[in-house]
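Below, each chain spelled out in residue letters.
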Amino acid sequence: MRLDLNSRLEEHLFYILAGIGGLVTAVGMAAALFMEHSGHVVTGMNNQIVWGMPHVFAIFLIVAASGVLNVASIGSVFGKTVYKTRAPLSGLLAIAMLAAGLAVIMLDLGRADRLIVAMTHFNPTSVFGWNVILYPGFFGIVGIYLWTLMDRRMNPYYKPAGFAAFIWRLLLTTGTGSIFGFLVARQAYQSAMIAPMFIIMSFAWGLAVFMIVQKAMFAWNGMQLHPQIRSRMKNLLATFIAAVFYFVMVYHLTNIYFAKQTAFEQFILLSGGIFPTLFWGGYVFLGTLVPLLILFVPDLSKIRGSVFAAASLVLVGAFSLLYVFIIGGQVYPLEIFPGMDVKSSFFDGQIDTYTPSLPEILLGLGGFGIAFTATVIGVRVLKFLPQDDIHKLESAGHMLD
Amino acid sequence: MNEPQDKSRRALMGKAVTAAAVAGAGMGVAAIAPGLHLIEVAGAAPRTAGEAASNTVRWGMLIDSTKCAKDCNACVTACNTENGLVEPIKDARQGSQWIRKIDLKDPKNGREHSLPMMCQHCANPPCVDVCPTGASMKRADGIVLVDRHICIGCRYCMMACPYKARSFVHQPLTTQNPEVPRGIGCVESCTFCVQRVDKGLKPACVEACPEGAMTFGDLNDPNSAIAQRIAREATTQVRADLKLNLGVRYQGI
Amino acid sequence: MKAAALALFLALTSACAFAGAPKPAIKIENPGQCIAPAEEMRKNHMEMLHHQRDRTMRQGIRGEKASLNECINCHASKTTGSVLGKEGFCQECHSYAAVKLDCWDCHQPKAGHAKAAGVKP
Ligand code: SF4
Ligand code: SF4
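Chains as they are written, first to last, in our numbering: chain V, 894 to 1294; chain B, 515 to 767; chain H, 631 to 751.
Looking at chain V on its own, in the form it has when it is part of the complex (with noise of 0.2 Å):
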């Protein structure tokens, strides 16, 4: 069906796609009300899971934020006609949902009301401080670029603000990984490859939540994605999920063979319950084998809506995969003393177990909502929507590379 741009039908959607986003949103905040009344005692989290839902949804959030903006220096930084189009969109969904990330988190802190403390007070050896620096400085950045996309005026600097934005958003995904890699005592997070990791990470996350936003936004407008656009994003898609994987698989290898932690990680990836279940069902069966076999197969990526699946299905993995390393993390016991048997009341030694409670979810939803509702605002009043002029590319050859 093709709505026609700005029919009644079409404004009525508008409405309700921002009141669903609100309502969430809405509720996220009530969510984060009663936490920050009634003390943590109504999450699941604890003195042993320190960080529970509201990390897996913020982190998720910060890190796709990071990744989102790769598809607009695809564009700047490298000079493709194709990504340059769908820089402004890609900006505007990296402001979107690293504002919803931060909120997250914000709204999770023990004190959420000293709010301006955190500002004020700054701990220079803190990668959380220097993420305070971080994060305004990408919205910044980020401005300073969509503003150069969109001002003809301001066109000629689009370039240096799309590099300075590059490089901005790999020192922020690192940041966002050493927030864990400098938690040396943790044997799931002493790691070099965490913030590497991160980074491919939010390559494959961000591009696949852009991808999804792209195909709703051409649907909601009665447009199809020209198929060699399609076809070229699909394979970067494909390589990313293969190079996360890659990535994974040596951190936890190197974990075994080289850090010794060969306890946790059999306790991750072969008998702690639920998280081997999230890792080989949820990441790498769901989240990386199925959609690098839609992405391959001819025959499967030719179908409508299956590169949509696999984009989404990466989302699936990424969950699984941050709920693994941050609750997993977490749940096996910090080793104090090495090679002894430990028992104490403070659950030393001893696996723990993590019931995410209803409110610390309707918080992490919330951070969803935000992201969305500011997207859907966003494309509504300014011209986000990704406009390609095939015959120019054609002519131009920029289809080929």
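It is worth saying that the hints were derived from the structure and are not from the lab.
Just so it is clear, CB atoms sit at the ideal spot from N, CA and C, and this is done for glycine as well.
One should not assume that every hint holds.
Claimed, not checked - Quick partial rundown of chain B residues pointing at chain H, CB under 8 Å, derived from the structure:
#1 A566
#2 A567
#3 D655
#4 Q690
#5 P692
#6 G697
Since chain V is already given, all that's left is putting chains B and H with the ligands on it; use the hints.
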């Protein structure tokens, strides 16, 4: 060895504690008039009211796990009473524990022993490194504290601490000890009973241990009992591989 | 920032005054004992406590003139034992001025609580 010296020290400390208690009672809680000299007990130079903690002192603790009795919980109880950790909580995993007893068993030879575990007051504390606001801090005399005025409750320090020494307050509190403020949404951990140490007293756990398994004092003062024992006897730091230079040392592990 | 806060404070207080909100009934339990004249305390108690808190907390300076615990010991209501609640010395005025009290999430608002909880002196 240094038994006699230790005994006389203990007697001296006992007297001084009583004196401090009497003085404290006379003045009301926490009333230290300006100019009053704090009584020297724990082994450092006396600190005058109005004087800042100094980095010439480094507070430390030596725990002899061979003396620590397996089923004894006296130090934990004393800590909870002193620091007002008395609030009931439904899920024990959300409750605060500043000090806890760990029972260890060596699977290779079956040897069992027990020890109290708490904040190790690292000289290079990871919790301080990672804290985004600077709420986690190390005082000049080596005591690691959380400044709850600027703690935002992000729990990054809990993730970073190698000893699981920190707890997050999950619910509103009403039963605080006036001298030990603590509350909802902030992270907390053992303070070496800073409110007592500043008065010249020993931490509550050290005082409560019936076996005398814990020694508290100034690691920087070569004449202190703790420094002398560390100089003469074999002591270990837990997870010494992390090179955090701990204020708490153990024997017999 | 500070100016804005002050402006807001004045606006709120005068709005209350004009709306005829009853003045807070502040009861001084131990008159004449304060560390500074009432006028100065009214204006500066937050600054005094703020600086003292940082010095005590971060530098370990004890026995300062301004001390929250001493405020409580002196100002706690003789009936409720607290500076909070109805007629509580702190709350009465802070509710009137609509300034959020952030101390009592962590600090004990009751005088003499230590003995009640069985804390050794
Ligand atoms: S033991 Fe943990 S809480 Fe204590 S100073 Fe070291 S890192 Fe910080
Ligand atoms: S929870 Fe508080 S003390 Fe710990 S890192 Fe965060 S702000 Fe610092």
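Right, here's what the structure says about each hint:
no., hint, verdict
1, A566, "4 Å, holds"
2, A567, "3 Å, holds"
3, D655, "7 Å, holds"
4, Q690, "4 Å, holds"
5, P692, "4 Å, holds"
6, G697, "3 Å, holds"
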